[in-house]
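J.: Listed below, chain by chain, are the residues.
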Amino acid sequence: MQDGTLTGKARSPGGTGKVMIELHRVEKWFDDFQALKAVDLQVGFRETVVVCGPSGSGKSTLIRCINRLEEHDRGRIVVDGTPVSDDLRDIQEIRRETGMVFQSFNLFPHLTILENITLAPMHVRHRPRKEAAAHAMELLERVQIPDQANKYPGQLSGGQQQRAAIARALAMEPKVMLFDEPTSALDPEMIKEVLDVMEELAESGMTMICVTHEMGFARHVADRVVFMAEGSIVEVNTPEALFTDPQEERTKLFLSQIL
Amino acid sequence: MAAPSAPPGPETAATPPERRVTPARWLRENLFSSPSNSLLTLITGLLLAWALVSFGRFLLITGRWDIIEVNLTNFMVGGFPRGQLARLWVAMAMMTIAVTISAGITSATAAEAAIAADRDPSVTVRERVQRAGPPLVLLFVMIVFVRTWLPLALLAGVLVLGVGGFRVGRRLPARWRGRAGIGAVLLIVVALTAISSFGGVSRDAWGGLLLTVYYTVGSLLLAFPIGVALALGRRSSLPVVRAGCGIFIEFFRGSPLIALLFVGWLILPFFLPVGFPTPDLVTRALIIFVLFTSAYVAEIVRGGLQSIPRGQLEAAQALGLSPWKQTRLVILPQALRNVIPALVGQAISLYKDTTLVLIIGQIELLAVAQNVTQQEAFIGQGYIAETLVFVSLIYWVGSYWMSRESQRLEARLGVGTR
Chain U
1 MQDGTLTGKA RSPGGTGKVM IELHRVEKWF DDFQALKAVD LQVGFRETVV VCGPSGSGKS
61 TLIRCINRLE EHDRGRIVVD GTPVSDDLRD IQEIRRETGM VFQSFNLFPH LTILENITLA
121 PMHVRHRPRK EAAAHAMELL ERVQIPDQAN KYPGQLSGGQ QQRAAIARAL AMEPKVMLFD
181 EPTSALDPEM IKEVLDVMEE LAESGMTMIC VTHEMGFARH VADRVVFMAE GSIVEVNTPE
241 ALFTDPQEER TKLFLSQIL
Chain C
1 MAAPSAPPGP ETAATPPERR VTPARWLREN LFSSPSNSLL TLITGLLLAW ALVSFGRFLL
61 ITGRWDIIEV NLTNFMVGGF PRGQLARLWV AMAMMTIAVT ISAGITSATA AEAAIAADRD
121 PSVTVRERVQ RAGPPLVLLF VMIVFVRTWL PLALLAGVLV LGVGGFRVGR RLPARWRGRA
181 GIGAVLLIVV ALTAISSFGG VSRDAWGGLL LTVYYTVGSL LLAFPIGVAL ALGRRSSLPV
241 VRAGCGIFIE FFRGSPLIAL LFVGWLILPF FLPVGFPTPD LVTRALIIFV LFTSAYVAEI
301 VRGGLQSIPR GQLEAAQALG LSPWKQTRLV ILPQALRNVI PALVGQAISL YKDTTLVLII
361 GQIELLAVAQ NVTQQEAFIG QGYIAETLVF VSLIYWVGSY WMSRESQRLE ARLGVGTR
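From first to last, the protein sequence lines are chains U and C. To convert, note that position 4 of the first sequence is 4 in this note's numbering; the numbers rise steadily by one, no gaps. To convert, note that position 215 of the second sequence is 215 in this note's numbering; the numbers rise steadily by one, no gaps.
Possibly wrong hints are sitting among the right ones.
As the list claims (entries may be wrong) - Derived pair list, reagent style BS3-like, types lysine-lysine, alpha-carbon separation capped at 27 angstroms:
no.	chain 1	residue 1	chain 2	residue 2
1	U	LYS252	U	LYS37
2	U	LYS151	C	LYS325
3	C	LYS325	U	LYS175
4	U	LYS130	C	LYS325
5	U	LYS37	U	LYS18
6	U	LYS192	U	LYS175
7	U	LYS18	U	LYS175
8	U	LYS192	U	LYS151
9	U	LYS130	U	LYS175
Claimed, not checked - Between beta-carbon pairs, the in silico distance windows are:
no.	chain 1	residue 1	chain 2	residue 2	range
10	C	PRO256	U	PRO83	52 to 58 angstroms
11	U	ARG129	C	PHE58	55 to 61 angstroms
12	U	LYS192	C	GLY254	56 to 62 angstroms
13	C	GLY56	U	ARG129	57 to 63 angstroms
14	U	LEU255	C	ALA411	49 to 55 angstroms
15	C	ASN37	U	PHE30	57 to 63 angstroms
16	C	PRO273	U	PHE30	50 to 56 angstroms
17	C	ILE267	U	PRO83	55 to 61 angstroms
18	C	LEU409	U	GLU203	42 to 48 angstroms
As the list claims (entries may be wrong) - Computed list of chain U residues with no C-beta within reach of chain C, every gap over 10 angstroms:
no.	residue
19	ARG25
20	ARG74
21	GLU138
22	HIS213
23	GLY216
24	GLU230
These aren't lab readings, by the way, just hints derived from the structure by calculation. Model, not experiment: these values are computed from the prediction. Built from N, CA and C at the ideal position, the CB exists for glycine as well.
Turn these sequences into a full structure, and let the hints guide you.
T.: Listed below in structure tokens is the structure:
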């Protein structure tokens, strides 16, 4: 197994060299099944990392450990200097600074799109309603669905819902964005509108980890691509190097199957 | 691509095909589609006609409604001292104001929400009539039976107050709404105190519809928050809280209500600390109703909590909401919305279960219906049908009204569509 951190340091994107997320020998078990095996990864400030791999390889578990939707069993995870631990205050601190976008959107169906977006700023950051709503409208402009503000999630298409979910995560002004297969539940013609928003976000300098099967997006937008299989990081490299000249047999096999 | 010219492909009509159903065709399709169906229709029709005619005869010709007329006050308040009735009218006026102002505020908020969501906020006349229908039927029946002008005048006064309260509530500036809500609750407490305290009438002397409504509304208002708390407690991560709530729920769900009422009547006073004033019997029965109903509410709400997909909780967590706010802002509103039909079913069930206090010697509405037939003027003349039909109407109006309002609430919250 190649050491992820080495290639990470070899290339420090954004030019700052500051480490935003650090995973050190992280292990995660579901009963007797080991989902993550001594995973090492560093993600730099303003870097976009795409995580790919076959299903069941631990990609989603990896990013869900970062904001403690899953509890890791061994190893150390540090997000912007705050360790992910049992301390509820640390967890809340990390969740405030980390936005997450889910495969199934998970918008709150009883609230309008605008209320979905203003909920956390008002109740976590204690922003006044007017200020939160104005910021929410800016974000809806950014993801290009301002005219959906007063509708309910059920009235929107899948692509619109996912863009609204991105706006909801951005409303907390996070330093890191985690994407958990954001386009896997979408019809093909809606995938692009979501990927466009993500690309714009990456270009604006957001630190991002994206679990996705969209290899076009990975090639185009990612600074580095992480390939995982069976709970381990097999290979980490620039998209160009990984796609054209994979070093590991497992990577070659995977790429031959999906490309 | 979206050229304004004719779309490609075969020509299609601009509107869906018209489907007209004439009355004759409707009859043929639904009632006389085959010989056996025709026969069934005929038999059912005859039975229905017979039932309607005999009930109509009873209502209009053979029924001796003088027993209701004479005892109307008994039906309404039971043995409540007649000299103190003024207290009830004052309390009724205060509660009407409190309730209608709140209703006006709710109506204004709903209209604002509709405007914000680009929907038409107006309410059609048909909707208004449908909503007001059941209470108006009851009001009409009452007016038919009232023999003196004073109650009519007072009733009219209360109605005027109600309409006024609704209007005030609708026009109240948004910043006063919270305070008006608190004011309404205080007004209801003051109204209840005005009946029973300061030289008033002890609850044990209450009866009839007054007692039935007191039990129903009082237990629902108290049992609902307790039930929600129990449901959340039963899902708590703390084992002690979880076990405590579980035992409470299973105990009260596993006991017959009648047995619990006996406990409240006979045994509860012995468990109170020495020197602690024993609450009156009505309060003890109310406590039993609250405990019993809250156990059922808890299980209904727990079902609602379980119906919320895990992703909702994860999304709330990922946004950094505190555990309490995850529950209060995201999970609970959706869970409660999903169980409105079951909760209203429980409310209607409780409304009718209040008749059980009859066995601990309290004269609520149904007991009045039985007792008045034993009066000298009516005994042994088979008046029971008239009184039972009358109280059935009151129970039906209440149950039907709850059911209708819950359907409206479901529609407003968009159950099943959002």
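J.: Determine for every hint whether it applies to the structure shown.
T.: The hints, checked one at a time:
no., hint, verdict
1, U/LYS252 x U/LYS37, "holds (21 angstroms)"
2, U/LYS151 x C/LYS325, "holds (23 angstroms)"
3, C/LYS325 x U/LYS175, "holds (23 angstroms)"
4, U/LYS130 x C/LYS325, "holds (20 angstroms)"
5, U/LYS37 x U/LYS18, "holds (25 angstroms)"
6, U/LYS192 x U/LYS175, "holds (24 angstroms)"
7, U/LYS18 x U/LYS175, "holds (13 angstroms)"
8, U/LYS192 x U/LYS151, "holds (22 angstroms)"
9, U/LYS130 x U/LYS175, "holds (23 angstroms)"
10, C/PRO256 x U/PRO83: 52 to 58 angstroms, "holds (56 angstroms)"
11, U/ARG129 x C/PHE58: 55 to 61 angstroms, "holds (60 angstroms)"
12, U/LYS192 x C/GLY254: 56 to 62 angstroms, "holds (58 angstroms)"
13, C/GLY56 x U/ARG129: 57 to 63 angstroms, "holds (58 angstroms)"
14, U/LEU255 x C/ALA411: 49 to 55 angstroms, "holds (53 angstroms)"
15, C/ASN37 x U/PHE30: 57 to 63 angstroms, "holds (59 angstroms)"
16, C/PRO273 x U/PHE30: 50 to 56 angstroms, "holds (52 angstroms)"
17, C/ILE267 x U/PRO83: 55 to 61 angstroms, "holds (56 angstroms)"
18, C/LEU409 x U/GLU203: 42 to 48 angstroms, "holds (47 angstroms)"
19, ARG25, "holds (25 angstroms)"
20, ARG74, "holds (22 angstroms)"
21, GLU138, "holds (18 angstroms)"
22, HIS213, "holds (20 angstroms)"
23, GLY216, "holds (24 angstroms)"
24, GLU230, "holds (25 angstroms)"
No hint from the list above goes unmet by this structure.
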